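So the sequences go chain by chain: A and B.
Going by our numbering, the first sequence opens with residue 1, and the numbers climb by one from there.
Going by our numbering, the second sequence opens with residue 1, and the numbers climb by one from there.
No wet-lab data here; the hints were simulated from the structure.
Since the structure is predicted, the reported quantities are computational estimates derived from the model, not experimental observations.
Please note that a few of the clues may not be correct.
The list treats identical chains as interchangeable, and a pair is accepted whether it falls inside one copy or across any two copies.
Straight-line alpha carbon distances no greater than 20 Å define the calculated DMTMM-like cross-link-like pairs of lysine to aspartate or glutamate that follow [stated by the list, open to error]: (1) 54 x 245; (2) 256 x 245; (3) 115 x 89; (4) 115 x 269; (5) 179 x 301.
There are 2 protein chains.
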Amino acid sequence: MNPLAEAPRALITGASGFIGSHLIERLSFEGWQVAAIARPASAPSLALLQPVAKVYRYTGQIAEVVEAVAEFKPQVVFHLGSLFLAQHDSFQIESLISSNILFGTQLLEAMRLAKITTLVNAGTAWQSFNSGGYNPVNLYAATKQAFEDILLYYVETAGVRAMTLRIFDTYGPADTRRKLLALLVDTLRTGEPLGMSPGEQVVDLTHVDDICSAFLHAARLLQSKDESRHEVYAVSSEERHTVREVAAIFEEVAKKPLPITFGARAYRDREVMEPWQGTRLPGWHAKISLREGLRRLLLAEKTLPQRS
Amino acid sequence: MNPLAEAPRALITGASGFIGSHLIERLSFEGWQVAAIARPASAPSLALLQPVAKVYRYTGQIAEVVEAVAEFKPQVVFHLGSLFLAQHDSFQIESLISSNILFGTQLLEAMRLAKITTLVNAGTAWQSFNSGGYNPVNLYAATKQAFEDILLYYVETAGVRAMTLRIFDTYGPADTRRKLLALLVDTLRTGEPLGMSPGEQVVDLTHVDDICSAFLHAARLLQSKDESRHEVYAVSSEERHTVREVAAIFEEVAKKPLPITFGARAYRDREVMEPWQGTRLPGWHAKISLREGLRRLLLAEKTLPQRS
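Isolated chain A, as found in the complex (with noise of 0.2 Å):
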């Protein structure tokens, strides 16, 4: 980077979820300046991390994301919040539409009155469960396209550049969801039995690290295209292994086999046997192999006090 240059600015939501954490260390550490839009919920976590320069508040108005948007002026909007339920209930509903296609609109809506262009947007593998066209395995992943849909719009009315990356399973450092690999760690420290689905299904696992990486570069193509559009790419590990594979893997790298018996579960409903292939965000790969992504998690992890 030019050192006589005012550093870039990046405007992201979602700055307290996995991603979006590691993604603001990313940033800052590139050089960029960042400020959040996050609920007020999401306070005291985005306190805690230090390269954030303002948390622009939000509690479902659009003046306030206007506000945000216009007075801190972005190069390149990172629109990774969002709400997850691999499966929802009824009451859920309102919340989903809300958080997943709502805010993201209010977002556009603030980048076009601001002549901010720049956006780059997390999708879900998930959106097609079957590799090909749109299948939603889940209502979330249905908010998801419907997002791109509105998207469109701005992009033919407003002269937004976006690109949206389709990620897959993620993992990495400081991970409080409770996913496959969490449950691995915990089986690890504490033996007892764990049992699973007969973990047939693939699954695609994607460091957080690289998925940083492939934000930063979407932005990087962006900013170098002058025309308004909207990209779809799959951000994929490019390594596909069973969940079988991934804990004989994770038993490898541990050097201790774990008492997981598969099939002591049902696969769950639309369980993903096949990941997606979607074209490749072009000129990136992911470097970190899950072998070594799992080494680092599991010496990470050993630095940590146990879990309660």
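Add chain B to chain A, keeping to what the hints say.
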């Protein structure tokens, strides 16, 4: 209809709108029992619609929709309710998403819970700015497309059989919308000069009686099919004219020239010059030519009191 069979039941949203109110009369005429689910603001106009057996109140809560669907147990749901805005203001985004995405999603969730599977949905030809694929004319059309994404989730997971009828311009008696034909009728009455755009945009004007036939036809088609699906069809008059030509036909039918100045106004932003060409609803054709429709309209209008 078999007189011994119980009358089939239709639940309708958007019952107080132009198409909705005509569809209720038609359904009733054809022997259906009709219930509406509507916001309290629509209650006064619904009270005037004799054929409505029951009006379920909707104030935004999913529980209201769930209860309505569970109690009425419709064979077919006609989803016509939407907030139409040709151009939006920022403050209207929340209402647009609530009316055009959230409400419909609540309806689908209620159908899932009650195992009601047949839905006829109203879309708009404006979901395609140019002929061909999705490119929304305005944010309204984008929210309609977004809803179809969510609909597909329920098709895939709840056995829903759905058709979306994409509608062009509509007209007919008792139309309170201030659209092209209303302006021409006013000009005919008052003789006051009317300044219009250059008028070279092509419009597809479908009579509301034909639209109602299309909705009934779609319901019957869906009921004859077992598999869950979402099909999208154009409901077009198959008669396309420029606005100038429409005005000329109007003058012929009215037997009076109108003081119109074409080119007095600019086209609006993203004016649709050539409407979408979509796959037509199989087995249905419009029966009312524009000339015949205008004749009926002028006959009806002459019997109405002068507009204030």
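Here's how the hints hold up against the structure:
Within a single copy, residue 54 and residue 245 get their C-alpha atoms no closer than 43 Å, and across copies no closer than 58 Å, so neither meets the 20 Å cut-off. Only within a single protomer do residue 256 and residue 245 lie at most 20 Å apart by alpha-carbon distance; the minimum there is 15 Å, versus 81 Å between protomers. Proximity of residue 115 to residue 89 under the C-alpha cut-off of 20 Å is restricted to the inter-copy arrangement: shortest distance 16 Å between copies versus 38 Å within a copy. Proximity of residue 115 and residue 269 under a CA criterion of 20 Å is satisfied inter-copy only: 18 Å between copies versus 43 Å inside one chain copy.
Proximity of residue 179 to residue 301 under the C-alpha cut-off of 20 Å is restricted to the intra-copy arrangement: shortest distance 15 Å within a copy versus 66 Å between copies.
Hint compliance for this structure: hint 1 alone is broken.
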